[in-house]
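Knowing the structure of chain H, use the given hints to seat chain A on it.
There are 2 protein chains.
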Amino acid sequence: MYRSHNCGELRATHINTEVTLSGWVQKSRDKGFIIWVDLRDRYGITQLVFDAERTPKAIMEEAQKLGREFVIQVTGTVIERASKNANIPTGDIEILVTKLSILNSALLPPFTIEDNTDGGEDIRMKYRYLDIRRNPVKNSLIFRHKVTQEVRNYLSEAGFIEVETPYLIKSTPEGARDFVVPSRMNQGQFYALPQSPQTFKQLLMVGGMDKYFQIVKCFRDEDLRADRQPEFTQIDCEMAFVEQEDILNAFEGLTRHLLKEINGVEVNAFPRMLYDDAMRLYGNDKPDIRFGMTFGELNEVAQHKDFGVFNTAELVVGIAVPGGNSYTRKEIDKLIDWVKRPQIGASGMVYCRCNEDGSYKSSVDKFYTQTDLALWAEKTNAKPGDLICVLSGPTHKVRTQLSALRMELAERLGLRKPNEFAPLWVIDFPLLEWDEETQRYHAMHHPFTAPKPDQLHLLATNPGAVKANAYDLVLNGNEIGGGSIRIHDKKTQAMMFDYLGFSETEAKAQFGFLMDAFQYGAPPHGGLAFGLDRLVAILHGKETIRDFIAFPKNNAGRDVMIDAPAPLDSKQLDELSLKLQITQ
Amino acid sequence: MYRSHNCGELRATHINTEVTLSGWVQKSRDKGFIIWVDLRDRYGITQLVFDAERTPKAIMEEAQKLGREFVIQVTGTVIERASKNANIPTGDIEILVTKLSILNSALLPPFTIEDNTDGGEDIRMKYRYLDIRRNPVKNSLIFRHKVTQEVRNYLSEAGFIEVETPYLIKSTPEGARDFVVPSRMNQGQFYALPQSPQTFKQLLMVGGMDKYFQIVKCFRDEDLRADRQPEFTQIDCEMAFVEQEDILNAFEGLTRHLLKEINGVEVNAFPRMLYDDAMRLYGNDKPDIRFGMTFGELNEVAQHKDFGVFNTAELVVGIAVPGGNSYTRKEIDKLIDWVKRPQIGASGMVYCRCNEDGSYKSSVDKFYTQTDLALWAEKTNAKPGDLICVLSGPTHKVRTQLSALRMELAERLGLRKPNEFAPLWVIDFPLLEWDEETQRYHAMHHPFTAPKPDQLHLLATNPGAVKANAYDLVLNGNEIGGGSIRIHDKKTQAMMFDYLGFSETEAKAQFGFLMDAFQYGAPPHGGLAFGLDRLVAILHGKETIRDFIAFPKNNAGRDVMIDAPAPLDSKQLDELSLKLQITQ
Numbered sequence: 155m156y157r158s159h160n161c162g163e164l165r166a167t168h169i170n171t172e173v174t175l176s177g178w179v180q181k182s183r184d185k186g187f188i189i190w191v192d193l194r195d196r197y198g199i200t201q202l203v204f205d206a207e208r209t210p211k212a213i214m215e216e217a218q219k220l221g222r223e224f225v226i227q228v229t230g231t232v233i234e235r236a237s238k239n240a241n242i243p244t245g246d247i248e249i250l251v252t253k254l255s256i257l258n259s260a261l262l263p264p265f266t267i268e269d270n271t272d273g274g275e276d277i278r279m280k281y282r283y284l285d286i287r288r289n290p291v292k293n294s295l296i297f298r299h300k301v302t303q304e305v306r307n308y309l310s311e312a313g314f315i316e317v318e319t320p321y322l323i324k325s326t327p328e329g330a331r332d333f334v335v336p337s338r339m340n341q342g343q344f345y346a347l348p349q350s351p352q353t354f355k356q357l358l359m360v361g362g363m364d365k366y367f368q369i370v371k372c373f374r375d376e377d378l379r380a381d382r383q384p385e386f387t388q389i390d391c392e393m394a395f396v397e398q399e400d401i402l403n404a405f406e407g408l409t410r411h412l413l414k415e416i417n418g419v420e421v422n423a424f425p426r427m428l429y430d431d432a433m434r435l436y437g438n439d440k441p442d443i444r445f446g447m448t449f450g451e452l453n454e455v456a457q458h459k460d461f462g463v464f465n466t467a468e469l470v471v472g473i474a475v476p477g478g479n480s481y482t483r484k485e486i487d488k489l490i491d492w493v494k495r496p497q498i499g500a501s502g503m504v505y506c507r508c509n510e511d512g513s514y515k516s517s518v519d520k521f522y523t524q525t526d527l528a529l530w531a532e533k534t535n536a537k538p539g540d541l542i543c544v545l546s547g548p549t550h551k552v553r554t555q556l557s558a559l560r561m562e563l564a565e566r567l568g569l570r571k572p573n574e575f576a577p578l579w580v581i582d583f584p585l586l587e588w589d590e591e592t593q594r595y596h597a598m599h600h601p602f603t604a605p606k607p608d609q610l611h612l613l614a615t616n617p618g619a620v621k622a623n624a625y626d627l628v629l630n631g632n633e634i635g636g637g638s639i640r641i642h643d644k645k646t647q648a649m650m651f652d653y654l655g656f657s658e659t660e661a662k663a664q665f666g667f668l669m670d671a672f673q674y675g676a677p678p679h680g681g682l683a684f685g686l687d688r689l690v691a692i693l694h695g696k697e698t699i700r701d702f703i704a705f706p707k708n709n710a711g712r713d714v715m716i717d718a719p720a721p722l723d724s725k726q727l728d729e730l731s732l733k734l735q736i737t738q
Numbered sequence: 155m156y157r158s159h160n161c162g163e164l165r166a167t168h169i170n171t172e173v174t175l176s177g178w179v180q181k182s183r184d185k186g187f188i189i190w191v192d193l194r195d196r197y198g199i200t201q202l203v204f205d206a207e208r209t210p211k212a213i214m215e216e217a218q219k220l221g222r223e224f225v226i227q228v229t230g231t232v233i234e235r236a237s238k239n240a241n242i243p244t245g246d247i248e249i250l251v252t253k254l255s256i257l258n259s260a261l262l263p264p265f266t267i268e269d270n271t272d273g274g275e276d277i278r279m280k281y282r283y284l285d286i287r288r289n290p291v292k293n294s295l296i297f298r299h300k301v302t303q304e305v306r307n308y309l310s311e312a313g314f315i316e317v318e319t320p321y322l323i324k325s326t327p328e329g330a331r332d333f334v335v336p337s338r339m340n341q342g343q344f345y346a347l348p349q350s351p352q353t354f355k356q357l358l359m360v361g362g363m364d365k366y367f368q369i370v371k372c373f374r375d376e377d378l379r380a381d382r383q384p385e386f387t388q389i390d391c392e393m394a395f396v397e398q399e400d401i402l403n404a405f406e407g408l409t410r411h412l413l414k415e416i417n418g419v420e421v422n423a424f425p426r427m428l429y430d431d432a433m434r435l436y437g438n439d440k441p442d443i444r445f446g447m448t449f450g451e452l453n454e455v456a457q458h459k460d461f462g463v464f465n466t467a468e469l470v471v472g473i474a475v476p477g478g479n480s481y482t483r484k485e486i487d488k489l490i491d492w493v494k495r496p497q498i499g500a501s502g503m504v505y506c507r508c509n510e511d512g513s514y515k516s517s518v519d520k521f522y523t524q525t526d527l528a529l530w531a532e533k534t535n536a537k538p539g540d541l542i543c544v545l546s547g548p549t550h551k552v553r554t555q556l557s558a559l560r561m562e563l564a565e566r567l568g569l570r571k572p573n574e575f576a577p578l579w580v581i582d583f584p585l586l587e588w589d590e591e592t593q594r595y596h597a598m599h600h601p602f603t604a605p606k607p608d609q610l611h612l613l614a615t616n617p618g619a620v621k622a623n624a625y626d627l628v629l630n631g632n633e634i635g636g637g638s639i640r641i642h643d644k645k646t647q648a649m650m651f652d653y654l655g656f657s658e659t660e661a662k663a664q665f666g667f668l669m670d671a672f673q674y675g676a677p678p679h680g681g682l683a684f685g686l687d688r689l690v691a692i693l694h695g696k697e698t699i700r701d702f703i704a705f706p707k708n709n710a711g712r713d714v715m716i717d718a719p720a721p722l723d724s725k726q727l728d729e730l731s732l733k734l735q736i737t738q
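Same order as they appear, the protein sequences are chains H and A.
The numbering of the first sequence is the working numbering, which starts it at 155 and goes up by one.
The numbering of the second sequence is the working numbering, which starts it at 155 and goes up by one.
With the rest of the complex left out, here is chain H (with noise of 0.2 Å):
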C-alpha cells in the first residue's frame, strides 16, 4: 500500500497518528538541521519535517537530495506544527518522517509547477502532463467533471436515456467541413466523424426512444478560429411529442440546476428576446444583458441634416458609454482606431460628450443642434456624464461592429463579472441565410429545422423573411446552447432540401434513410445541443475553453505533445489504397 492518507486530509485530530504519504516535491526548504518538504497530490499540501535531532542520518541525507517534482513515499508521525498556516487545510500539521522512499527521480520541470507559472502557452501545452498538475488547470477538469455529472444525473431523473451514436457515419457536403476515415474493408469509401449526431438523434425520436441525450464529442474541419477546437463535445438532446415551449422549459430547468448546484445562484425565468430585437438592440444574436448600454437607431434623428455619411448609411446607430464623458481626447480618439481595425473594420466613429450641465459636445456639431443630439441622447438613453458612439454603415456590417464595441467597452468598464450570470433564450431565428459566396440561401440552423408553420407560404415569395422555430440559450454574451423544432414530415423536408439545393438525387444520397424514416411514423420532435466546452468555461467564470479540455489542440489543429497528425507508414496508406498528391 503506497499511502495510509492522501497529502489533502490530516487535521489536528490525526495528530500522534502514524501516515503513510506518496506524492510529489512541491518544494524543499533546507536549513542543514531542519528540512521542511511540501508533499503535493492531487488532494492537497502536507508538510514533512526532517530535521537532525529526531530524524536518522541516513534519512535526512537522503532528504537532502530530493529536488522539485521528485515522487515520493514517507511514512511518519503526525506532529502539531510550531507554526501553523491557516492558508491551508492541512496547515495544523506536519509529519515527522521516519521512512522515507524516492519512487521516482524527476528533472527539472521546463516551467513551475504552481498556481502562477513562469510557463508560457506553447511550452504548457507540449508538456500539457506537468501543466495538468498545476491547481488552475486540474481545477478546472475537475470541474468539468462536476459539471457532467450533474448534467447526467439531472437529464437521467427527467427520465432521459443516454444513448451512444457511431462515430464512424457518412460525409455530408451540406454544412461545415467533415473529416473522414478511409475505410479498409470497403476500398475507397469513406466514413466520416460526425459534426454532431443531428440525424440519429432524429432517428432516435422515430425509434421511440422519446428523450434523449448524449454527452458526445463532434468533429467539424474548418479553418480555427482562437478558441475554436476540431473536436469538441456537445451535449446532445432530443424529445419527441414536444413544443418549442417543452423544450425551451426542459432545458432551462436543467440550466438553473447547474447555476444552482455548481455556483450557488438562483435565477429567475429566463426572459427570451426574439432574435430580430437581439439584432436591433444588441447588434448580436448573443447578447451579453449583465449590463445595459443597448443600441439606440439614429435613422429618424440623424439622417436628412447636412452629414452626408450619415444620410448615405443604411443604419445610424449609438450607445451610450456610462461615465463615458471623463475620457479624454485622446482616449476617444485611441477609440477611433480600435473601431477602425482590420478586426472591427468601422470606417470611423462619430462621439458625443452628454456634459454634465445637459448641454452635448460631439464631433460632428457643424451638422447638429443641440436638441437634435439630445434627441441622440434619448434614443441611446444617454444620462449626463455619459458618452455616446456613433456608427453607420450597411445594417449588418454595423451592428457586428457596434456589438464588438459595446462588449470591448463593457469589459473595460468591468460590467462583465464573471460571478454575474444573465441566461437568456432567443427565439424565432430566421430559417435560411444569404451566403454571399454561393449566392444561394443556407439554412441557418440546419436543413431539418421547421419552419413556422404559418410562415411557410413566404417561402416562395421572402424566403429570408421565414423564420423558424429555433432558439439559441445565451449566457453572459455567450451562445452555450441551441437547437430547433425539426420537420417530422417527408413532404416539408422534400421541400427544404429543394428550396436548399439539393437535388432529389443529392437529398435521397445523402439523407435518404431520415426521409425514408419519416414515412414510416415519425413523431413531432425537436431538441437542443449545449457545447460542453463553452458552458463549462463559463460556469466557471472564464471564456476559454482550452483551460477546461485535457488535452486541446493548438490553432493549427496540432496537439503539440503527441506530436498529430504525423505522417503515416507508406504500408498503411497501401492497405488504404490510398495516394499522397503531395510529396512530403
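No wet-lab data here; the hints were simulated from the structure.
Note that CB positions come from ideal geometry on N, CA and C, so glycine has one too.
Possibly wrong hints are sitting among the right ones.
[Stated by the list, open to error] Computed cross-link-like contacts, DSS-like style, restricted to lysine-lysine with a CA-CA straight-line distance of at most 27 Å:
hint: 1; chain 1: A; residue 1: 696; chain 2: H; residue 2: 644
hint: 2; chain 1: A; residue 1: 725; chain 2: H; residue 2: 662
hint: 3; chain 1: A; residue 1: 725; chain 2: H; residue 2: 606
hint: 4; chain 1: A; residue 1: 253; chain 2: H; residue 2: 371
hint: 5; chain 1: A; residue 1: 371; chain 2: A; residue 2: 571
hint: 6; chain 1: H; residue 1: 645; chain 2: A; residue 2: 181
[Unchecked claim] Anything over 12 Å on all C-beta distances counts as not near chain H; from chain A, calculated:
hint: 7; residue: 183
hint: 8; residue: 190
hint: 9; residue: 323
Just chain A now, kept in the frame of chain H:
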C-alpha cells in the same frame, strides 16, 4: 402540449379524468360499431376506445383509417375497462376518445413491431429506427443507460474524475490496425482514432489526476469476427500510487455494486485464479466457473500404453460430462463430428462411458484396462453415469479445443444459466506472447505492462516465462475487463521496447512523449478497462453485443441503415491531397 400523460401511467385512480395522449398505433381492432386501438409510446400501451354510441361520427370515421404505426394524438376520458387486462399496468382502464388527430401517417413497416418480430437481422438493421421501437431493443438501450449511470455515479463517489481524452491522436503500428484521419490543415499527415486512451490515461497519472475514468469510444480496424464492432465502448480507468491489490479491490467493488444494483445479486469476494491454472483447468483464460467439468490431464495415466496417438501427444486431457453415459452411440458420433469441424479442429475424440455399476467402456478398450480407465475417471472427477471426453495433441491447441467442447456441452446441458453470475479474477498473465507469423514476442497486454519485478532477469533467458502484473476480470466465461500495473520509469520502458523489437528511433518517434513524461516524476500506477458493450450484454443475461448498441455495424464494418462508408466527393479528396489507387 402534445400529452398530459404518457401511455404507461394511467391507472384506475385516473378514472373520469380527461387526458391527452400521443403515440403510435400498435394495433387496431375494428368491430364496426366499436374500435379498440392500442396506443404505444416508450412508457407503455394504453387502450383507446371509439364506439358508435358514444363517439362522434366524424371521429369514428377518422379512427377507421388508422393503420399500424400511425402517429396520433387523442384526448378523452379515462374509463374503467369492461374486461381488464392483468398483463399490462394500464390494463384496468381505457380512454373513451373525444378528439383524435393524426400527427403522421405511416407506411406498413417492413416487419412487425412486436417483441417477437417476423423481421430477420438484415432488414431489422436497415430499418434500425423501427427495430428500436420493439421492446427487446428499446429495453436493452435503456438498460445500457442504467448501467453507465451506475458506473459513473459509483466511480465519482469513489473519487474518480472523468476526463475526456482526444479522439484525433497519432497512429502507432504496434497492436491492432488504426483507423486514420487525413489532416487537411497539415497536408500529407494523418491523425489516428484511439484504440484506447492508454497513453493519455497514463499521462493523466503523471499529471497527478490520481484516479481517472472515462466511458469512451475506441476504434480498431480489424477484420471483424462475429460480434466484433469497429467502434466499441470502454469503461477506461487508471489509478496512481496503487499496487495490483488496490486495483482489484476497487473494480471488484464496482462490479459487485453493478451486480447488486442492476441484477439484485449479492456476490462474495471474487475468486482469483492464476493464468496458468485457468489454462490447465479450463483450457481458457476466461473460464466460465458457473459449472465444473474442469480438465483432467491424463498424460501420466494414458501415455506409455500401446495407444500411439496419446503417446506422441504433448497433452492428453479430458473432461467428465455429467450424465453423459446416457448419450447414444449416434449422439457421441455427432459430438466427435462436432470437435472435428474446422472451427474446432480436433483430429478425433476418445471417450469413456462411466457405467452406473462402476465399470467403464471406452472407445480405446483394446489399449486400456478397467484399472487404467478408473484413473481417467479419478483425474477428470467423473462419476458413474458420466461420459469422459478426451482430446490429445499440442498443449495450446488441445486446450482450446477441449475448452470449446466444454462450453458447448455446458450450453446443451443448460449449465450456463443467464441469471447466475460467477465473476473471477484471472491474474499473473504472461508478459509476452510468441507470434508465429512475425517470429517474435509481442506484448500480451500492451507494451506498458510491468513485468513482475522479481522476474525481470528472466527476460534475457526465458522471456515466455516472465509473468506480468496483469489481470482480467472474467464473468460467466467472458472477459469483461482487463488491465495491468504499468511501467513507470523510463529505463524499464526503454528495455521493454527493446525486447519488443522497437529500435530506439521508433520508440522515440511513437512513444517519445510518454518516455519524456516518465522523466518528470511519474508515480507508480495501473488500471483497467471494461468492455462496456459486453459487460452490459452479460449483465442482461445475453452474449450478443449487437443488441445493446443503438446503431451497430455489420460484419463488413458497414452501417446498412445510413449506407456508410460511401465514396467521397472528388472535391473532398482534392482538399486532402489524396488520390485513390483503385477504380471505384
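Verification of the supplied hints:
1. A:696 / H:644: Between residue 696 (chain A) and residue 644 (chain H) the Cα gap is close to 37 Å, so the pair fails against 27 Å, i.e. violated.
2. A:725 / H:662: Roughly 20 Å between the alpha carbons, so the hint for residue 725 (chain A) and residue 662 (chain H) holds.
3. A:725 / H:606: Since the Cα atoms of residue 725 (chain A) and residue 606 (chain H) sit roughly 35 Å apart, the hinted pair is violated (cutoff 27 Å).
4. A:253 / H:371: Judged against 27 Å, a Cα distance of about 43 Å means the pair is violated.
5. A:371 / A:571: violated (30 Å)
6. H:645 / A:181: holds (25 Å)
7. 183: Label holds. Min Cβ-Cβ 19 Å, cutoff 12 Å.
8. 190: holds (19 Å)
9. 323: Nearest chain H Cβ is 6 Å from residue 323 (chain A), so the label is violated.
Of the numbered hints listed earlier, those contradicted by the structure are 1, 3, 4, 5 and 9.
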